[in-house]
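Residue numbers (the working numbering), protein chains in the order written: chain A, 1 to 116; chain B, 1001 to 1113.
The hints are simulated quantities; they were obtained by calculation from the structure and are not laboratory data.
All of these numbers come straight from a predicted model, not from anything done at the bench.
If a hint is listed, it holds; no wrong ones were tucked in.
Here are some of the chain B residues that sit facing chain A, going by a computed Cβ distance under 8 Å:
1. Y1031
2. V1093
3. K1100
4. L1101
5. G1104
6. T1105
Which chain A residues face chain B? A few, computed with CB under 10 Å, are given here:
7. D42
8. P43
9. D56
10. L105
SDA-like, lysine to any residue: derived pairs with alpha carbons at most 25 Å apart:
11. B/K1042 with A/H29
12. B/K1042 with A/E75
13. B/K1068 with A/Q44
14. A/K57 with B/E1003
15. A/K22 with A/E109
16. A/K22 with A/V115
17. B/K1042 with A/E109
18. A/K57 with B/S1046
19. A/K57 with B/T1026
20. A/K57 with B/K1001
21. A/K22 with A/E104
Just so it is clear, CB atoms sit at the ideal spot from N, CA and C, and this is done for glycine as well.
Listed here are the chains, written in short residue letters.
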Amino acid sequence: AAGVIQSPRHLIKEKRETATLKCYPIPRHDTVYWYQQGPGQDPQFLISFYEKMQSDKGSIPDRFSAQQFSDYHSELNMSSLELGDSALYFCASSRPLAFSGTGELFFGEGSRLTVL
Amino acid sequence: KQEVTQIPAALSVPEGENLVLNCSFTDSAIYNLQWFRQDPGKGLTSLLLIQSSQREQTSGRLNASLDKSSGRSTLYIAASQPGDSATYLCAVVSNFGNEKLTFGTGTRLTIIP
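Chain A with its partners taken away, still in its complex shape (with noise of 0.2 Å):
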């Protein structure tokens, strides 16, 4: 069975610069999560869309921004990276319950990044 695609699984930069994640969920799921576990860290909800619209934001920092787009995948945009965004971003995706779903959510495999 198709599961939550993220790209890429490493990543290596430099303070200051920019990185984009992206997360391709599973097919027919319209909606999409993104969380941030630091080390040793519970996973913290950043943001979340459904139907390309943000429906919920958490503890995203100004520098981070996201989209969904028209094929339902998205991607997060880190700029201005700091020491402290060293972590495992994980994407999720799941069906809405008021639409038959059940509301269980499906993790991507997370992408390491690693801020040098």
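Based on these hints, arrange chain B on the given structure of chain A.
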């Protein structure tokens, strides 16, 4: 604001033992609860999903229970194996219409051969 707590933070048990991991949440008005497994530096593998109307779910050697009114869930692992060593995270969905998960702090499980 929903807060999810898992106790203990770490647990070591000999192989073959049955064990229970605990999860508690402050707002009992949840829509579902998911248990995940995470190996070091790896992604999140969904183990079990319990809908708010359900009391438990089973998959193989795993059984998860939900007591919504008391804000608790447990994950029972039978006949533990070294391959079960991982961090186990519980997470809840609190809002209908925006099913983001709020994660617990995780329990790092080590099964001793």
